[in-house]
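Quick note on the working numbering: the sequence shown kicks off at 499 and runs consecutively.
Derived by calculation from the structure, the hints in this document are not laboratory data.
Every residue, glycine too, gets a C-beta built ideally from N, C-alpha and C.
Be aware that one or more of the hints could be misleading.
[As the list claims (entries may be wrong)] Using C-beta positions, here's what the derived DEER-type ranges look like:
{"#": "1", "residue 1": "Lys518", "residue 2": "Asp739", "range": "12 to 22 Å"}
{"#": "2", "residue 1": "Ser576", "residue 2": "Ser724", "range": "38 to 48 Å"}
{"#": "3", "residue 1": "Met499", "residue 2": "Glu519", "range": "17 to 27 Å"}
{"#": "4", "residue 1": "Asn609", "residue 2": "Asp635", "range": "22 to 32 Å"}
{"#": "5", "residue 1": "Asp635", "residue 2": "Asn746", "range": "29 to 39 Å"}
{"#": "6", "residue 1": "Gly521", "residue 2": "Ser704", "range": "39 to 49 Å"}
[Stated by the list, open to error] Here are the computed lysine-lysine pairs in the DSSO-like style, where the Cα-Cα straight-line distance is at most 30 Å:
{"#": "7", "residue 1": "Lys700", "residue 2": "Lys558"}
{"#": "8", "residue 1": "Lys501", "residue 2": "Lys534"}
{"#": "9", "residue 1": "Lys652", "residue 2": "Lys719"}
{"#": "10", "residue 1": "Lys686", "residue 2": "Lys558"}
{"#": "11", "residue 1": "Lys518", "residue 2": "Lys632"}
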Amino acid sequence: MSKIAIVTDSNSTISPSLAKELGVFVAPIQVNLEGKEYRDMIDIQPADVVDALKTHKSIKTSQPNIGFVEELFTQLKSEGYDHIIAISLSSVLSGTYQTFCLGAANAEVENMITIIDTMTTCGPCKQAVLVAKKMVDEGKSVEEIVNIVTIIAKDSKTYILPDNLEQLIHGGRVKGATALLGTLLKIKLLLALDYAVPSIEKMDTSRTDVKLFQAVVDDMKARGNSPKTHKVFVPSCESFDRVEAFKNYLNEKAPGYEIEQIVLPAGIAGHTGFAFGVQPVLKG
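Kindly produce the complete structure, drawing on both the sequences and the hints.
Next comes the structure, spelled out in structure tokens:
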């Protein structure tokens with residue numbers, strides 16, 4: 499049986515303690531707070547980002563340190579792993595995928611690694627890692643694991659409901675008319691990140707949350723999501739009242755979903771600001 503390592507980045511929301519428990523490996527995203535570099539979920543926690551957002555401090559993020567990634571891949575090779583499956587957050591949101599590719603080349607493991615650009619983040623990435631590790635433990639082949647992870651990634655869609663657009667505009671994720679709607683007109687926005695669309699797109703607008711919640715649930719149904727096949731991750735940075743309101747709405751309009759609420763990691767919260775997301779994901 500092949501010895502397969504599962505690698506991901508901290509935007510999967512997998513903490514160092516959970517990674518150790520699972521037997522997977524996590525490359526931390528770098529977070530720059532007021533000019534000082536921190537490693538996501540190691541030197542800086544989501545609560546630190548919340549404090550920084552509340553005090554309007556400068557927050558920037560970047561891909562994992564290339565030296566860390568190269569050293570990790572070299573270590574895995576020396577430990578006798580036959581293959582590495584690296585599950586990266588979306589290349590639309592970060593240079594992590596490119597860093598994994600460069601790290602693989604520098605560590606000379608290109609012939610024993612598969613790097614997957616999930617085109618998503620947070621919940622779907624976490625689910626992909628959990629399913630992949632379970633399949634490794636069951637003795638599944640690299641091809642079987644990569645196929646399932648790819649299916650999970652392609653099926654996923656992220657609905658983003660920001661409290662405001664300050665951080666998204668600052669980071670260049672939201673521009674033009676969308677930025678104008680959210681700032682000058684004080685209209686609530688529903689944004690979406692889809693595997694097939696290489697950008698964060700405006701999906702709907704409203705002056706009330708209920709209309710946006712309805713748009714999310716209607717789209718989930720149109721995509722064939724159901725409690726039998728999918729669970730729902732709800733990542734958030736603060737926005738607690740809105741999260742509870744959405745969970746209640748989902749339970750009323752589409753009862754039966756397993757809902758897992760997770761805290762947005764610093765690497766994502768630094769971009770979104772106060773916000774929450776809805777991520778239906780195949781159970782695997």
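So, going through the hints one by one against the coordinates:
Distance hint check: the CB atoms of Lys518 and Asp739 are about 34 Å apart, inconsistent with the given range 12 to 22 Å. At roughly 45 Å, the beta-carbon separation of Ser576 and Ser724 lies within the given 38 to 48 Å, and the hint holds. Take Met499 and Glu519: their Cβ atoms lie about 22 Å apart, and the range 17 to 27 Å holds. A hinted range of 22 to 32 Å holds for the C-beta pair Asn609 and Asp635, which are about 24 Å apart.
In this structure, Asp635 and Asn746 meet the distance hint of 29 to 39 Å, their C-beta atoms being roughly 37 Å apart. With their beta carbons about 44 Å apart, Gly521 and Ser704 fall inside the hinted range of 39 to 49 Å. This hinted pair checks out: Lys700 and Lys558 have alpha carbons roughly 23 Å apart, not beyond 30 Å. The hinted pair formed by Lys501 and Lys534 fails the criterion: a straight-line CA distance of about 38 Å is larger than 30 Å.
Using a Cα cut-off of 30 Å, the hinted pair Lys652 and Lys719 holds, with the two alpha carbons roughly 17 Å apart. With a C-alpha separation of about 24 Å, the suggested pair Lys686 and Lys558 falls inside the 30 Å cut-off, and the hint holds. As the CA atoms of Lys518 and Lys632 are separated by approximately 14 Å, the hinted pair is consistent with the 30 Å bound.
The structure fails to meet hints 1 and 8 from the earlier list, while all remaining hints are met.
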